[in-house]
Each structure stands twice: as C-alpha cells, then as structure tokens.
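Residue numbers (numbering that gives the first Met the number 0), protein chains in the order written: chain A, 0 to 406; chain B, 0 to 913.
Note that these hints are calculated values from the structure, not bench results.
Incorrect hints may have been included.
Over the 10 Å line for every Cβ pair with chain A, so calculated as not near, a few chain B residues [what the hints assert, rightly or not]: (1) T80; (2) P106; (3) N173; (4) K257; (5) I299; (6) Y337; (7) A401; (8) L404; (9) V460; (10) H710; (11) F716; (12) T829; (13) Q839.
Simulated crosslink set (SDA-like; lysine to any residue; CA at most 25 Å straight-line) [as the list claims (entries may be wrong)]: (14) K323/A <-> T814/B; (15) K184/A <-> A847/B; (16) K240/A <-> S678/B.
Covered stretches of chain A (in silico footprint by chain B; criterion: 3 or more residues with CB under 8 Å from a CB of chain B, positions within the stretch not fixed) [unchecked claim]: (17) 137 to 148; (18) 207 to 221; (19) 226 to 233; (20) 291 to 303; (21) 306 to 315.
Given the structure is predicted, the values throughout are model-derived calculations rather than measurements.
Every residue, glycine too, gets a C-beta built ideally from N, C-alpha and C.
Here is how the chains run, residue by residue.
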Amino acid sequence: MKRTKMFLAFMAACVLGFTACNSDDDLTTDVSVSVVPPSSVQGLTVTSGDFLFTNVSTGVETSLAYNANSLILNLADGLYNVTFLGEGTYVNGTSTAGEEVKVQGVKQNVEVIGGTCHLAVEVYIVGYEKADFVIAEIYGVGSYINETNKQYNGDQYFKIHNNAADTLYADGLVLLESKFLTVTKYDYTPNIMDEAMTVQVVAIVPGSGKDYPVAPGQSIIICDNAINHTESNNNSFDLSKADFEWYTSSSSTSTTDVDNPAVPNMEMLYNYTKTIWVLHKMGSKAYAIGRLGVSADTYVKDYTYTYTYIMANGKESSVQTEYKFPNDWIIDAVNLGAKNNFVWGLVHASLDMGFTYYGENTTIAENVGKAVQRKVTYQDADRVFYQDTNNSTADFNVGQRPSQATK
Amino acid sequence: MFGNCFFVLLLLISPCFQLLGQEQKEDKTIVLQGTVLDTQTKETLSYAAIQLSSENKVIYGAITDTNGQFKLHNLPIGNYTLVISYLGYDRWEQSLSLYKNTLLHFPLSSSATALNEVVVTASESKGMTTASTIDRTAMKHLQPTSFTDLLELLPGGKAKDPIMGSPNLIHMRNASSTSEVIASLGVSFRIDGNMINTDGNLQAVPGVNNEKEFVSKGLDMRTLSTDNIESVTIIRGIPSVEYGGLTDGLVDIKLKNKQTPWEGRFKADQVGKLFAIGKGIGLSEKAVLNVDLSYLDSKIDPRNALENYKRITASARFHKTNKMRKEYLLNWGMNVSYTGSLDDRKEDPEIMMREDKYSSSYDNILAGGNLELLFPQKHIMHSLKLHGSMNQSFDRIEQTKAIYLDRPTAIPNTTETGESDGTYLPYQYIARMKVDGKPLHTHLKLSGKLGFETWTIGHVVIAGTELTYTKNRGEGMVYDVNRPLSYTSNYRPRAYKAIPGKKELGFYLEDALLLPLGQHLVKGNVGIRGESLLGLDSRFAMQGKVYIDPRLRLLWELPAIKDWHFDLSTGIGWHTKTPTVSQLYPDPFYEDIVQLNYYHTNPEYRRIHLMTYTWDLTNYALEPARNRKWEVRLGVDYKGNKFSLTYFDEQMDNAFREKSYYTLLPYKEYDTSTIDHTSITAPPSLEELNYTEEVLVNARKNQWGNGSFIHKQGIEFQYASKRIDLLKTRVTVDGAWFKTTTRNSMPFYRQSSVLINNKQLQYIGLYTWEDGAEKQAFQTKCKVDTYLPFLGLTFSADAQCTWFTSTKPLWNNGTPEYYLGKDGIPHVFTEADKEDMYLQHLVQKYSADYFTQEKIPFLMDIHFKANKEIGKYIELALYVNRLLTLYPDYERRGQTVHREARSPYFGMEMNIRF
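Next comes chain A alone, as it looks inside the complex:
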C-alpha cells in the first residue's frame, strides 16, 4: 500500500513537473537595427528603404521603414531572416555629385532573444558589376512519370544567358554545385563563406578560349544527358540539341552515364562522385557559374577545403574535404531551397542575398516538372535582358514551366 502511495505521489510530481515549464512563449525583444556599407565601398549613404523581418519558424513578417535616426522594433523572440531593400547615394572616386543607387542587404538566422539586441545589416550596391553571363534557368527536379508518380531526372539542365552587350565566350565557364544544403544549417569550421563557396562539383565548358561564342542576348543549355528524352518519358523533352552535357565517364555498367557523341561534354575537373551526377532533386543546393582564376592543376592541388561541424547529435563530424571556389571568381550564384524549408544561403550575400524555389515544400508532387527562371527586365527587338540584382528572391520566377518543354 505504501508503495502504491509513493508511486502515485511520484506520478503526480512528474505530471506537475511537465506542466510547470510551459509558459515562456510571450517573451519579446527590442531590436535596434542599422545598415553598414561594406568596408571596400566608400562614399555610400543609404537614404531610404525597408527592413523585412521574417520569423523562420512561424513565417510571420514584420517590416520597418528606414530612417537615419534610431530604428527600434519590438519582436517576439525567435530566429529571423532580415532583408533590407532601399536606395542610397554613391559618390564614386573624384566626382562630387552623388549617383542614385539601389542598395540591398541580408542577414540570415539571427537569434532575437534576451530583451534587447542590436543588429547591423551589411548592404551592397545593386548592379555594381559588369554585365556577364547569368544563370537564366535551373531545371533540376525532373519530369513527371505518369505511371509511377515519380520523377524522371535524366533531363536536368541549366540555361546560361549572355546578359552583356558584347559577345562572350563560354570556353572555360565553370558550373558549380554547392556541397552544403540550404535546408540544413551547421556551423562549418573554419567558416570561409566571406571568401569562397564550398563546392562538390567543378565542371568546365571545354574550349581553348574562343571555341564557343555566345552572342549578346543568346543562351546556352548545359544538361545532364543531351538526348531526346521523349523516347523514355512523354512528359519530358528533346535535349539532343543542347550545347553541352555533363558526363562523368563512369566506366562501370552498374551506373552508366550516357554520352551523345554530337554534344560536347563538360570537363569534369572535380566531382564528388565517379558514377553519375544528378542535381539535388528537391533543389536544396546553391548553383553558381564562374571562371577559374588559376590553372586547373593548381586548382585541384591547392583549393581543397577541410572542415568539421557539430552534428545534430552534438558530436563533432569527422573532417570532410571538399573544394572551395573563391567568391571573386564567381559570376553569378543562385540559392535554391523549398520556401518552407529554406534555412540559409550558401554563398556570400553579395552574390545572392535571397533564394528561389521550385515549390513551397519538398514534395515531389509539388516540385516535379518545375523550373526557376530569371525575370526579364526588358526585351527589345532582338534580345532579352534579365534582371540581376544578386537577390534571387526578387530576380526569379518560381515554379515555372521549363523553357525547353515543347508541349
């Protein structure tokens, strides 16, 4: 009997224990915010703009108009992504008259907690770079197979567009895939994001320098398999006329990569896999294009990046080795991640401060057959110009029909 009473008392204590710690959800914090131009840019003054605070867990958005004085906002405690879009004046070098410029900045995964905190968002001038190639479209989910409700993913491709006024050469253009995921964040140590992107694929357009000209306003298609995919899947399309295909020359039939002899292959300088390279099917990676700043051999030899991180179970990971691609060599980068799962960008905010997505959730049903496409700023008689503000949230249209689809 005594045992029973003890037992009941213990149970009661446990129940009370559980209910006792359940009332801390109303805490708020006063956040003071400011904007800071990067140290490399002199003479930039922000004049106006808006901050947008997005609570990562609840999705609640709060905006705040910029003013030069004190900026304080009261927010519910939590994890936030903060973006700033605005205008400013820029005094370049010796000229005295300030030029009107657009500025933007972002800070992701900011912890708002503790009653008061301060937040400085680094801002950049939009379009303050030479027009070059841009990633105009990414198609990575694959097409729908009616019979299986599954995705067919031999037809993944990138569309790279010459957004400049002159003819550019695709020779040596590097296609990169991030090592990390935009939907899972770890503190990778050492953190090199300010100087380079961590990549698991470095694929290079072949050519000696002037073999593959791309006229202004023209695009090239780089795909996995440059074959007519309608042979296997009615919902897919013909990529046999693509400009380049990636081929990992897997020598084993167990995972044969296919090679259309009529379409040149990308030079696979580095790839994490020797079988077949398939783009992330849920679009949870970042992709970028760039140009190598050193010789290929030097790159392979010297640009490894070894890092560790604390895993979800609290244990430190073993040391991983991948390659790094300096930010200076990157021409354009795009963070991809399903809207409801995106956690962080994998490239420096000056390359892409936002992200875009095939669908809002990581479900095949929602994403299959969809591409992301860059918005057109304007179109004249013979060409289109794409919007490139280094903010893919603003620059891309989500969930688009792939441009290569013919029906």
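Position chain B against the provided structure of chain A, taking the given hints into account.
Below, chain B alone, put in the same frame as chain A:
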C-alpha cells in the same frame, strides 16, 4: 600460474594421506551410506558435501557421487553430528547414533523452493560456467512475443520494443550493437538437442542491401516462439566441449515435455497479436505427447498497414521411457515441428506502382529423434545417446517492381571474361525476381557417458561425435536476365543446388573430475573438441585440418560457514566456428567496363561495347573464426540470497569480415570524335575507331576473410534476494559493464570516390592502421517483484539504468602506408604526397578531438508488469514498458543535449487453462 599448478597437485596428493591415516582405525567399525536428493523433484544431488563429526571432534568428510550417493567407511560406533551442505539448498543438520551399518536418505530443500519460490527473472547458474536460466514463470511474467524479448533478462540486457520488420539477431556481451557477423553467427541454438543451423541460408539478392536479409548472420529469433518452451539456458561463458559450431555462446532451449492441461494464450500489444495453444497428453505413465500451435500477426509500424510479419509454429513431441530388464532404462522420443514466417511489404498504390511488392517467406520442417539408454546405477557406463535430426527449409523471396529508368542503361550479355556488346534496356518494364532457397540440414550425434573413481577422485567422462551436413537445393535467383530487378548488379543468377554442401565432423572428450579435499571441493572439467570440414576442395587451407578446442574449467567450493557458501571458479576455452556455405562458396563477381557508349540520336546507330571481367571470390585461405575466452567467477549463497560476479575476457583475432583487395583491369577507351555523326548509316565498327588503353584501378571489399579483431571484456553480476517473507517481495539486481574493441586485423586497401580531370582517382591506398573503436557500456537492472499467493497476483517494477555508454575511435594518422597506381607497384606514401593534387585525396583527416572518448551519461527506464490469476483457469497479465523514464539533459562541448524517451510501450495477455 605456478601457484595454481601447485595447488592442483596438492589436491591430487592429499587424498592419499587421508587413505594412509584411515588404516590405523579400530577393528569394530561400521559404514554409513546415504543418498542425497532434492525433496521436491526427487532428483539425486551429486557433489553434495557431507561432514560427520564424532563426539571427540574427529571429522569425517565425503562428497556424493554422480548418483547422489556417498559412503563413509571405518566409523567407530558412537554419536555423531551430520551436516550436509549443497549450494542452493538449505543446510541439513542432524544428530545420529550409529551402532551398525546404516543406509539413509537425505531430502534437501532448495533454498529457492523453500518458500514456494516464484522467480520472475533469469537465474544465474550455480555451476562451472556463466549462464542464465529463464523458466516458464519468468516468461509468463515477461510476456514475450518472440525469443528476442527474453534477452532482456541477461545481465546487461535491456527491454526493447519489438522490431518485427527485420531479422532479430542475438548479441552477447557486446557494449553496443555491432555489424560484425560473428556476433550473431557465433551463437549456437539448440532446441531439445536439435541443432538449429543456418549455415545453408543463402536468401539474398547479392549487391543489394536489404534490411530483411541475414545471410551468414545466424538465426532470426523472430521465428522462435516462446510458448512451447519450458526453460532456456543461455551460456555466456565457456560451454562444455559437447557443443561446437560457436564462438560467442550457446542457447539451449528445452521444450515442454510433460503432461499438462490445454493451455491457451492470447496476447496483444501495440504492433501485434499472438495466439498459442498447447497440451501435454499423458498416453501412459511413461509416455507423453506434447502438441502446440501458435500464430503471430505483427505490424512493423502500427500506422502502416502495408508491411507486416506473420509466424505460424506447430509441433508435436513424443517422449517415452521404457523399463528394460536388469534396471536398464530406455528413453526415446520423436519430434516434428513446423515454423512458417512471412515478411510482407507492399507499396502504397496511391504513391507507388501497383505492381511493387516484396515478400520473404520461410517454411521450415524439423524432424528429430533421440534414443537414450540408461545403464543400471552400479554400471561404469551411465548412458548412451543417439540423436538425429533433419531440418528442411523452403525459403522464398518474391519481388515485383516496376522499373523506370532515368537514363539509357545497358546490361551485359556475357557471363565470361571478354569483350561484348551490351543491350540497352527499355525505359520501362516490370521486373520479377524470385530467390528460391531450400537449405537442408542434417545432424547426427552419438555420445556416451561413464563414471568411475580413481582413489577418491570421481570422474564423469563424456565422449561423442557428431556429423552435420548442410546443402541448399534451391534454384537460387531466378529472373529474366534481360529484365533485371537490379540493373546495377555485379552478379549473375546462380542455382544454389550447384553449390557444394558443407560437411562437418565434430568429436569431443570431456572428463568432469571431482576432487574432495576434506570440506573443500574442487571440481574440474577438462575437455577437448575437434572440428573438421570434410570433402573440401584441396585448395582450401582448411582441407584436412582438424581444429582443436581445449576447454578447461575449475570450481572450488569452500566449506560452508554456517549458511554461507562460497565458490570460486575459473575457466579458459577456445571456440571454433567454421564458415557458412555463403562464405565458403560466394557468388562470382562481375565487372563490366564500358569501352564505348555511342548513344546516337537515331536508335539504329547506337552501340554500347563492354569489357567484362569476372572473378571467383572464393577465399581458399579462409580459416574458421576462433574465440578465446577466460573468466573468473565468485559465487556467494546465504540462505537463498545469491550473489555472483564474473570477470571475462574474450578475444578473436580472425573473425569473419569482408577483406579488401585491389584490381587493375585494363580496358579500351574508344574515341568517337573521328566519327561523322551526321552521315553515319550504321553503328560504329570498332575496327575503324582509335582507342587508348586504360586501366581501371579499384580497391574492393567483397571477399570473405578473417579480417576482424574483436576483444570483449567485462564484469557481470547478479544479486537475487530470497523472497522477504513479510513483504512477499524479492529484489534482483543485475548488471554488466562491457568493453568491446572491434577493428580490422589485416591491412586494407581503400579508394576515393572523387572524380578529377574526367577520371576517377587513379590511385588507391594501402592502410596499415587500426580502423575501429573501443566501446563501453554499463547497464543495470533492479527488479522488485511481489508475489501475493492469496490474491494470485504478481507484480514487479524494474528500473533499468544505463549508467553510461561510450565510444572511442582507435587512433590512426589517416595516411596510407603505400599507394598504388595503374602499374600496381606499391610506392611509399611520403609527406610530400599529402600535397599532391591526386594523392591528397587518399588521406583521411581528423579533427583535433576526433579520437577522444565520447560519453553519453545516465538514463533510466522503469517498467511495470503484473499477472493476476482469476479463478483456477484464467490468468491475466499486462506490462507497460517505460512507464516512467529519466533522461537528464547533459553537456557536450558546452552544448546542452536534450534527450527524449520514447513513449511507453504496453501489451496485455490472457492465459487460459482447460
């Protein structure tokens, strides 16, 4: 060691002194003879210590023989005090007046049964080896679904929720779950003496990882129902040499073999329903027929209706004792049993293809017979036993899958080394695969037992021989090679019946010695076992070899001090497990290298050309795995309160592991750039193409070898109190600390998976360091159970604590000792190579504290169980596991780790007798 030898020598000599002393006794002497037996079971008790003290303090000592009898000669007439002590029994003390030759019986009551004991935990053995016995009462209280659940009762064991979706494999004395196949393969299962051998199991689709397969991993404990089990003895220590084919332990199951009423059981828990019925029919006074039937239907996950596991078992066992002339007895029995199980998985037609399904069924018929001749008591021969069994399984995996290809994929057309064109597969097809296995296992064993005395040393000698034969007569993988289930496979279909069988001969000789030394008693057990594989190909290193396992065990029982009994024991033994059929005769391996893959837009002009290599994965150097165990043990018994403590050390240098090797496979890389793709009118002809000669450099790890080193150390203990009369409560505390070190025992080759400059890395590394980890765990259970006979109620609370678990990787520098390129010549890997653009990828790097021990602290689960008899015929039982849990947060590298216990797991059952 020398001390031990001296001690043994002393023991051997000392009886001689006693004999000399006895010769000077008075003429008028008498003899006291007696038999010591268990008051309840009437079984005679061998090795009981007899102490007879005369009034003038002369002490006479004796030990009962194997028939429970003792004889004290040359006793003067007079008054004596007789004390009989026997471990586990209440002390017998009696005053005697002896004036003539006397013959008496001494019924001792077991300390346990003294209070009509109900034991709901495992009982530690009292004998010479470390073992746990689990009887019917404990099983009733535990409410198991399959044999797996019983393992909770072992020291260091913990309650686990049933996992019915994958095979349940046994592990003993391991600090954590392990991927070493020997852990489960090295445990031998016997059911009523029938050896349950799984060496012929080949049910697998090679190259495809499937959690439902368990080739070369021993027995799937899901298939063992517990309902017809009378008792189970799990030997963790050194078993008698009578038992072979094991490295880690022995599970000896005794089925019900007595008259019982109809007994029915119905159990339901969160995932399954179980139904069982059985009866022991008394056909005559000496003949019993036991029949039983059980059915289990279990979901894998209660939310998923598409995947389940079903089991049916049925058995009939007949046993009879015939009295023959001159006090000879003949025990004989026959048994036949059936076990069927079905692992079923369908895909949800809403999500996947309607055709997709997987089922793995297993139908097993076991028939056995045994014949035992018991000799009259005085005979030197005690018994002769003949045992035979035949065990035929019909295993079948059937899988249907709709295949949709993402890219043009080709399959090779050849099964031999050489060049050939491959065939492109259609993009969509239905693949059907059947794996048909029919392993047959026969076992024949002949053994004899005899007893005699030399001086005052008693001997019981057993000798025997056994022959086992395993052969799989199945069709193997049957499928249309042009529509393969797994188009990425490196294997081709192979009929199991073409694979040779495995014949194994075992023989053994064991002497159980008894050395009484006054009030001390030393028992020794010296045995030797030989095992040999017969009919092997002469290329095998094992061919013609006999593997000898000596096993030695010693037990020293100290004289009882009042009711305190102490015993000390130690043992050392070697244990051998020969490889399974699948390890002896693996499937050949195929590597198809693409030399040309010309995928023209026009299907008419496409061509894929392959170089196929095939090689035999048979490892003729394969040796049996051999485990060396030693242990020391202390046992204390005070009026039915028992305590035991064991320290063990087991080491295996050559456990089975897939070993690594490298291949250099030359092939041609055809250059298609010379072809004019627009004007071509036929597939390209190879003669007109240029090619470069390439070599594919690979490290592989798929050949069975003796590459694992396993070192297990630990301390096991159990304290079991007597039932406290006032509270009707008994406390059992047991636990174990285990430390297991597992690593490779051979250097290994390793490749990198990266691709550089359009080519897979053309180098592989040879690593000589130890790749493994040292794991530790300390777990205890404290069970308090109360039995109220007047209510027919038993209930218990069991606090299962994991005090810590830890993992520490073995240190290594991550650098290869040598590297090999296309030329196959090993080069020393230098400091400079760490910076080389290619070779740097062969170096494994570690963070600063990678090699520090990672420790997870205390956690506790409290389980509750109860049985209640309702009237004479019905008994209800229920259990709630993890009714209460304690998983405190802890700090790791400055971060707080929060742990959540899984929600409680419960079940209930009803037992009916009629």
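Please work out if K323/A and T814/B have their alpha carbons no farther apart than 25 Å. Holds - the C-alpha atoms of T814/B and K323/A are around 22 Å apart, at most 25 Å.
Interface exclusion of H710/B relative to chain A, criterion Cβ beyond 10 Å: 23 Å, holds
According to a criterion of three or more residues whose C-beta lies within less than 8 Å of a C-beta of chain B, is the stretch 306 to 315 of chain A covered? Check passed, 6 qualifying residues.
Minimum C-beta separation from N173/B to chain A exceeding 10 Å: can you confirm that? 21 Å, holds
Take a quick look at Y337/B and tell me if its Cβ sits farther than 10 Å from every Cβ on chain A, holds or violated. 39 Å, holds
Hey, does F716/B actually stay past 10 Å from chain A on C-beta? Fine: 25 Å to the nearest Cβ keeps F716/B off the interface.
Hey, is P106/B genuinely clear of chain A, shortest beta carbon separation above 10 Å? 37 Å, holds
Please settle this one: V460/B was flagged as non-interface, so is its CB more than 10 Å from every CB on chain A? Correct as stated: the minimum Cβ-Cβ distance to chain A is 53 Å, above 10 Å.
Check on Q839/B being off the interface with chain A, judged by Cβ distance over 10 Å: Not fine: 7 Å to the nearest Cβ puts Q839/B too close to chain A.
K240/A paired with S678/B [C-alpha distance capped at 25 Å]: 17 Å, holds
Any Cβ of chain A at or closer than 10 Å to I299/B, or is the non-interface label fine? 23 Å, holds
If you count the residues of the stretch 207 to 221 of chain A with a beta-carbon closer than 8 Å to a beta-carbon of chain B, do you get 3 or more? Answer violated; 0 residues pass the 8 Å Cβ test.
The structure is inconsistent with the numbered hints 7, 8, 13, 18, although it conforms to all the rest.
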